[in-house]
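Working from the sequences, and respecting the hints, build out all of it.
In the order they appear, the protein sequences are chains A and B. For what it's worth, our numbering labels the leading residue of the first sequence as 1302, then goes sequentially. For what it's worth, our numbering labels the leading residue of the second sequence as 207, then goes sequentially.
Simulated from the structure, these hints should not be mistaken for lab results. Misleading hints may appear alongside valid ones.
From the derived model, a few chain A residues whose C-beta atoms are all more than 12 Å from chain B [claimed, not checked]:
(1) Leu-1328
(2) Thr-1335
(3) Gly-1347
(4) Asp-1359
(5) Glu-1365
(6) Gly-1367
(7) Arg-1385
(8) Lys-1387
(9) Val-1390
(10) Glu-1393
(11) Pro-1397
(12) Lys-1400
(13) Thr-1417
(14) Gly-1424
So the derived label-pair ranges between C-beta atoms look like this [to be verified]:
(15) A:Leu-1324 / B:Gly-505: 22 to 32 Å
(16) B:Ala-326 / A:Pro-1397: 40 to 50 Å
(17) B:Pro-380 / A:Leu-1324: 49 to 59 Å
Capping the alpha-carbon separation at 30 Å, the derived lysine-lysine pairs in DSS-like fashion look like this [to be verified]:
(18) A:Lys-1400 / B:Lys-480
(19) B:Lys-544 / B:Lys-623
(20) B:Lys-334 / A:Lys-1387
(21) B:Lys-623 / A:Lys-1398
Glycine included, C-beta positions come from ideal geometry on N, C-alpha and C.
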Amino acid sequence: MESPAVCGFPSPAEQYMESPLDLNTLLVRHAAATYFVRAAGESMTGAGIRPGDILVVDRALEAEDGSIVIAAVNNEFTVKFFRRDKTGVRLESANPKFKPIRFSEGMELRLFGVVTACIHRFGPPPSK
Amino acid sequence: MIGLVDGNNFFVSCERVFDPALEGKPVAVLSNNDGCCISRSNEFKALKIPMGTPLFQLAPLIERYGLLLRSSNYALYGDMSRRIIAVLREFVPEVQQYSIDEAFIFPQFPAGTDWQGFGAKIRETLLKWTGIPCGIGFAPTRTLAKIANHKGKKSPSGVFVMPDDPSACLAELPVGEVWGVGRRLAPKLEKSGIRTALDLARQEPEEIRKRHSVTLARTVMELRGISCIEDRLPEEPSQSITCSRSFGHPVTELGDLEESVASYTAKAAEKLRKEKLTAAGIQVWFQYYPEYDPLPLAGGNSAFSFVFPSPENAPGRMMKLLRPKLKELFLPGRRYKKSGVLFFGLEPGTPGTAGDLFAPPPGRDAGIFEVVDKINARFGRGTLFTLGEGIGKPWQMKRERLSDAFTTDWDQLLQVK
Chain A
1302 MESPAVCGFP SPAEQYMESP LDLNTLLVRH AAATYFVRAA GESMTGAGIR PGDILVVDRA
1362 LEAEDGSIVI AAVNNEFTVK FFRRDKTGVR LESANPKFKP IRFSEGMELR LFGVVTACIH
1422 RFGPPPSK
Chain B
207 MIGLVDGNNF FVSCERVFDP ALEGKPVAVL SNNDGCCISR SNEFKALKIP MGTPLFQLAP
267 LIERYGLLLR SSNYALYGDM SRRIIAVLRE FVPEVQQYSI DEAFIFPQFP AGTDWQGFGA
327 KIRETLLKWT GIPCGIGFAP TRTLAKIANH KGKKSPSGVF VMPDDPSACL AELPVGEVWG
387 VGRRLAPKLE KSGIRTALDL ARQEPEEIRK RHSVTLARTV MELRGISCIE DRLPEEPSQS
447 ITCSRSFGHP VTELGDLEES VASYTAKAAE KLRKEKLTAA GIQVWFQYYP EYDPLPLAGG
507 NSAFSFVFPS PENAPGRMMK LLRPKLKELF LPGRRYKKSG VLFFGLEPGT PGTAGDLFAP
567 PPGRDAGIFE VVDKINARFG RGTLFTLGEG IGKPWQMKRE RLSDAFTTDW DQLLQVK
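See below:
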């Protein structure tokens, strides 16, 4: 038999209408909880996040040690590594020029969400 | 069981999600054109500055109390509202949006369900996923769920389940605060000795129907735990106007779907004009059936919210703006079950009043507009516009304290350092 697949089995093409690839399925897990933000500083260049990049943020996820998170620090939003160990919770940047921000007891760390992807464009976005 | 979920100080809460500096401060959101305050944070309420206080009266207090004011950002509120409904649908398939910040849910769970725990789980998820604190009330009818919601909001858990005998709750509620009674009817009822919700619940529905109306008789039934109100448009000055219907048979064509939206829009707009209101924007949603063949696909909902360039009440102009969005939202090959529209940001006026003195006059040559629309679609909005719109767009609303459209415009995303 030269092509066993077509013998006795309907061609998958008859049954399935394939839809084109959708970037949402690649980047967005919880649509209602997903927000896009824009990176504006140099503090995370070591993690591949450059100024102007668009970050995909999922609020439904729990931050774990090592997650990249968006957090409110001094009334501003910042993107940092979330670190948690025996010494407590801290936010670390991926750039040696920036010091870690430690959260001692009584200090509230307000997380906006967990960064799940970074979109870096080469050149301007497609015009409408 | 019926649940009513609503966002606490919804507009202010939306602003706070994207601006940590507003946390713990007296914050208020202003109406269209920066007129008066329409949403207040708890800190703002604590200063005893009432809802509806005009901006010019707030001005001298801004510095004294450190008030933080924002113009109404309906692009943001509409999108956050859409997210809340989407989260609710993760818990309960049957959700009926009642206004931009309220929705009824209809969970079909067996008796003995831990409603308090279920409500707490929904509330916690809403807070985590959207950042919006919500209140939830459960009861056997919509009217009782409304009352339960008010109690929920005041409790630390945010959730209240109406006890089997609601008498104690009803006894402490003035009759004017019952859903559908309102301030006009309350004095009349009070004269005949009906002062609390409990007094009303104890009336004979038939007697009430004769003396007042069938609507009020239904309210009596609802207070007694018998569900009989399906769709109620607010009778007090409306906060939102909605219209939705299930289709007689599954709808598969974009044209038919558009037609349904056009007819609900026309219907709801008629109500707008009757109440001499304009809407800042509209939410449109569709519900579609699951499919089993050739490929199993889950049923679901799609929705978008759209903010008009200036407050609107004319269905023709609205539909012109909506058609391209409907086309984007339409999923070919799916069978649609239901569609609906909801107007939000309602305020007294007609298009062309207040700050919109120079709004484009209605009724223009549609042919010309089609060409203009096509050119603008090809080369970007605003490429061609009529001189009536003005080059500097002086008719645009006054929104001097407007936050960004964080969730609906790539050019206005939240910046993170």
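Quick rundown of the hints versus the structure:
The non-interface label for A:Leu-1328 is consistent with chain B: the shortest C-beta to C-beta separation is roughly 14 Å, beyond 12 Å. Listed as a non-interface residue, A:Thr-1335 fails to keep its Cβ farther than 12 Å from every Cβ of chain B; the least gap is roughly 9 Å. Every beta carbon of chain B lies more than 12 Å from that of A:Gly-1347, the smallest distance being close to 15 Å; the non-interface claim holds. Residue-level check failed: A:Asp-1359 sits 9 Å from the nearest beta carbon of chain B, not beyond 12 Å.
For A:Glu-1365, the requirement that its beta carbon stay farther than 12 Å from each beta carbon of chain B is met, with the minimum near 15 Å. Non-interface call for A:Gly-1367 relative to chain B: holds, since the shortest CB-CB distance, roughly 18 Å, exceeds 12 Å. No beta-carbon of chain B is positioned within 12 Å of the beta-carbon of A:Arg-1385; the least distance is around 18 Å. For A:Lys-1387, the requirement that its beta carbon stay farther than 12 Å from each beta carbon of chain B is met, with the minimum near 26 Å.
Every beta carbon of chain B lies more than 12 Å from that of A:Val-1390, the smallest distance being close to 17 Å; the non-interface claim holds. For A:Glu-1393, the condition that its CB be more than 12 Å from all CB atoms of chain B holds, with the nearest at approximately 14 Å. Every CB of chain B lies more than 12 Å from the CB of A:Pro-1397, the least distance being 17 Å, so the non-interface label holds. For A:Lys-1400, the shortest C-beta to C-beta distance to chain B comes to about 14 Å, beyond the 12 Å cut-off, and the non-interface label holds.
Separation of A:Thr-1417 from chain B is adequate, the least Cβ-Cβ distance of about 14 Å exceeding the 12 Å criterion. Separation of A:Gly-1424 from chain B is adequate, the least Cβ-Cβ distance of about 15 Å exceeding the 12 Å criterion. Taking 22 to 32 Å as the suggested C-beta distance range, the pair A:Leu-1324 and B:Gly-505 conforms, at roughly 24 Å. At about 44 Å, the CB distance of B:Ala-326 to A:Pro-1397 agrees with the hint of 40 to 50 Å.
Under the hint 49 to 59 Å, the C-beta atoms of B:Pro-380 and A:Leu-1324, about 54 Å apart, fit the expected range. For the given pair, A:Lys-1400 sits about 61 Å from B:Lys-480 by alpha-carbon distance, which is inconsistent with the 30 Å threshold. Note on B:Lys-544 and B:Lys-623: the hinted pairing is violated, with a Cα-Cα distance of about 44 Å set against a maximum of 30 Å. The suggested pairing of B:Lys-334 with A:Lys-1387 holds, with an alpha-carbon distance near 26 Å, which does not exceed 30 Å.
For the hint pairing B:Lys-623 with A:Lys-1398, the CA-to-CA distance comes to about 14 Å; that is within 30 Å, so the pair holds.
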